[in-house]
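Asks: Protein sequences, first through last, are from chains A and B.
Quick note, in our numbering, the first sequence goes up one by one and the last residue is 517.
Quick note, in our numbering, the second sequence goes up one by one and the last residue is 528.
Derived by calculation from the structure, the hints in this document are not laboratory data.
From the three backbone atoms N, C-alpha and C, an ideal C-beta is built for every residue, glycine too.
Hints are supplied without guarantee of correctness; some may be wrong.
Label pairs and their in silico Cβ distance ranges [stated by the list, open to error]:
#, chain 1, residue 1, chain 2, residue 2, range
1, B, Leu-257, A, Pro-337, 53 to 61 Å
2, A, Gln-495, B, Val-364, 42 to 50 Å
3, B, Tyr-501, A, Gly-25, 34 to 42 Å
4, A, Gly-189, B, Asn-303, 41 to 49 Å
5, B, Asn-303, A, Pro-337, 46 to 54 Å
6, B, Pro-398, A, Arg-277, 42 to 50 Å
7, A, Gln-82, B, Phe-506, 25 to 33 Å
8, A, Asp-435, B, Lys-401, 50 to 58 Å
9, A, Asn-417, B, Pro-398, 45 to 53 Å
10, B, Trp-200, A, Lys-347, 38 to 46 Å
Simulated coverage check for chain A against chain B, where a stretch passes if three residues somewhere in it have a Cβ under 8 Å from a Cβ of chain B [said to hold, decoys possible]:
#, region
11, 135-149
12, 374-383
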Amino acid sequence: MTTAPATAEPIKCDRPPELKVVGMSKHFGSLVALDNVSMTLKPGTFHALLGENGAGKSTLVKCIMGFYTPTAGEVLIDDQPAKIVNPRDAHHYGIGMVYQHFTSVPAMTVAENLVLSRYDRTNLINWKREMEALEAFMQSSPFQVPLDLPIAQLAAGQKQKLEILKQLYLHSRILILDEPTSVLTPGEADEVLGLLREQVTAGQLSVLLISHKFREVMAFVDEVTILRKGKFAGHGLVKDLTVADMSEMMMGEKKEPTPVHKIIQEQTKPVLEVRNLHANKDNGVEAVKGVNLTVHSGEIVGIAGISGNGQREFVEVLAGQREATSGEVLVNGEPYGATRAEMYKHKVFALPEEPLRNACVPHMSVAENMALRTFDRPPQAKGFILVWRAIRDMASGLIKQFAVKTPSPETPVGNLSGGNVQRTVLARELSADHIELLIAANPCFGLDFNAVDFIHTQIVNARNRGVAVLLVSEDLDELLKLSDRIIVISDGQFVYESAIANADFAAIGRSMAGH
Amino acid sequence: MISGQNWRRTLESFVIPFGAILVGLLFFGVFCALVGANPVGVYASIWKAAFGTWSTFQNTLIRAAPLMLSSLCTALPAQLGLVIIGNEGALVMGGLGAIITGLVFSFGSVLPAPEQIAAPLMTPPIVVQLAMAIAGIVVGGVWIAIAGALRHYRGVNETISSLLLNYIAIALLNHLVGGPIRDPGSLNKPSSFALPEVNMLGDIPGTRVHWGLLFGLVASVIAYVLIRRTTFGFAARTAGGNIRAARIAGLPVGKLTLMICFLGGACAGLAGMVEVAAVQASANESLNVGYGYGGILVAFAARQNPLAAIFISLLVGGILASGGILQRTHNLPDATVLVFQGIIFLVVLYSDSLYGRFKFFRETPVYEVPPAPPTSTAAPTV
């Protein structure tokens, strides 16, 4: 990035330019990802790009940013054809993008990452001057992130804020946000979008937002463009449209989320008991500060909280990925240390967040990944010899049952799309004949409407069969929909607990914010 | 597992390494031309010296045997994502363990008096050899398990620790054969006492090739079966591919680390035993002539696959066996074979980055693009 040509300096102007996309198409081999799409982002507007997963939203913005060379079509900036072949060119026109996945260097500090993101040719960095400039920038920016913290120690919400700050720091006038709020709590999302909205209203910025969430669209957005299966499917001003109109354009029909049918459980017994559990973060700072919890059979206990308040470490302890510093975990009344034998005995399963990182071996095949829980038991093993036929047969069945799209059971799971990786893990964790305890963390992160619906139904079905479910999520709507009981975690402690029927929305919000 | 869908991937895993070796040969030819030798003549000489006749091929086999064993010291831990390069040290330690055990079982002492040498114990040779093999396996295994334990319990980088363990092992060898277990009769080349001829590992009947070759072949096949066909191998590959996924599945990562390091070290230790019991008869500096480091090359060139390592060992063994003839007939320095070996190693490592880059080898999806789902009962699409 230090070798940028002089022309990479952004055109400094106060008013965001107009961005026009004309007849954009992108083909990948025989697959048409984007088919003759046009749209206009007027200066100083908040524009949303709506569509299901695979509708072509990301492809469109990657063509705008110069990541992909479009098969046809062009980008006009203030009605002048713009030649954008890489993100540096896009930067030149004042266009900046915030990605779905974080792009900061984990081992470096916030300040270092901000300086690194600049496109200028700097061989020597005057840190004293840079820090002064950065502090001044932080003061004036809509939200703050501590400059001297390494990225690895930031919570997801803070990382997302940093990604947006980076673009403001680079003087981008057109901001493209790819599902920026999927890692944020509703409160955080409202805060971030609200502050961006103020900048847009003040004429400082244009925003193009890729989103699934109608709530955000209704609250903050001026105009929407809707894509379906790579084609233009509609456009309009938000004030003229209803949610039903937009979802119809997105899905091609009206669709209500499948209501969940909960069976009232008669006899329940405690399955998971946690007593005074403490655990540390990677850096040795205490993250979980003495929590107590009981989850009964046939019950979904939801844990709400702003990311970075200890819920990740809590789940990691229960899933066996982290050692507790003190405290006790009991399953069915017996001490539980997350060993394989205990998992098998007590039928404990887990749906961790980021399945490719937490629950799959990317270069191993779909079949092998599906066998991760069962490979050492008959019929998949005779003694310590693997029975490949049984492993493949089970995988073929699960691939059909859970509609996993894969070329073959032997394909490395890392080659599948995110949603299909998720399905592979779901198939493995939810297909067992008997489950007693399910630990789920943000199971629907980054998935589209249909997939979310599918997973929610599966979780509720498990509960109705008598499974004890612990659901940790940053999506409050999801928790309110699924949970029987809701608990709020803040700063490593449980600060609120209520049966879902009596839950006080305002109190939950206050507890999450730490009040 | 060749099925209708993935034969292209199988083909790819043959074409790329062999293509790399061809390119390596080309580069080596350029090197030969630069130092004034005729490349084609050099190729011919190498071929003749390595694989030309049954007689010369036996030289290759003798060199390939320890390479097969020592390559497993890198290839096995690699399944768990560990990069172990302590092959040389484990080989030396295995050889030391074997010679000490062998002398004790043969004479009752590592420093036998002349009368003890004149009248060795009547232990059956097979018992002595078995004891030596066990000693080599255990000492070599423990040696690499140290690197595994440092890695698991203290987070020490296993590549560096296993490399440093090589120096310790070689220093220990030099110290022992230079003093505590030195045969006073070894003047220019300090050595331990020699094993009695009767307790040496003999040759495979009808050949000049010692039984160590069989050890190497059997160990490679066992290692392959262990990795591909057993629950242990599956668990190790899982932990190697993604330790977080392994933990969620409750796999005992620490135990796996120690076990696979022990097994890897055990193979290199057995190579040391073979060198002592079949070639050298005693322990001396000839134990560390590079079969350990050569094993690293073999393991990487074979992409950590023990069966492929058999063939790469033959290739590298052949290159090593042709050193003398290059010196004699082409007036090339002895180290030329090391240049050749180095070029092949670099090219093969580079070729690793080519997997998946050729369209021809791509898997063709077998599913059809699903038609538009019916409206209300749509199957979830992701």
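Asks: Confirm or reject each hint.
Replies: Here is how each hint holds up against the structure:
no.	hint	result
1	Leu-257/B - Pro-337/A: 53 to 61 Å	holds, 55 Å
2	Gln-495/A - Val-364/B: 42 to 50 Å	violated, 59 Å
3	Tyr-501/B - Gly-25/A: 34 to 42 Å	holds, 38 Å
4	Gly-189/A - Asn-303/B: 41 to 49 Å	holds, 43 Å
5	Asn-303/B - Pro-337/A: 46 to 54 Å	violated, 34 Å
6	Pro-398/B - Arg-277/A: 42 to 50 Å	violated, 25 Å
7	Gln-82/A - Phe-506/B: 25 to 33 Å	violated, 43 Å
8	Asp-435/A - Lys-401/B: 50 to 58 Å	violated, 28 Å
9	Asn-417/A - Pro-398/B: 45 to 53 Å	violated, 29 Å
10	Trp-200/B - Lys-347/A: 38 to 46 Å	violated, 59 Å
11	135-149	violated (count 0)
12	374-383	holds (count 5)
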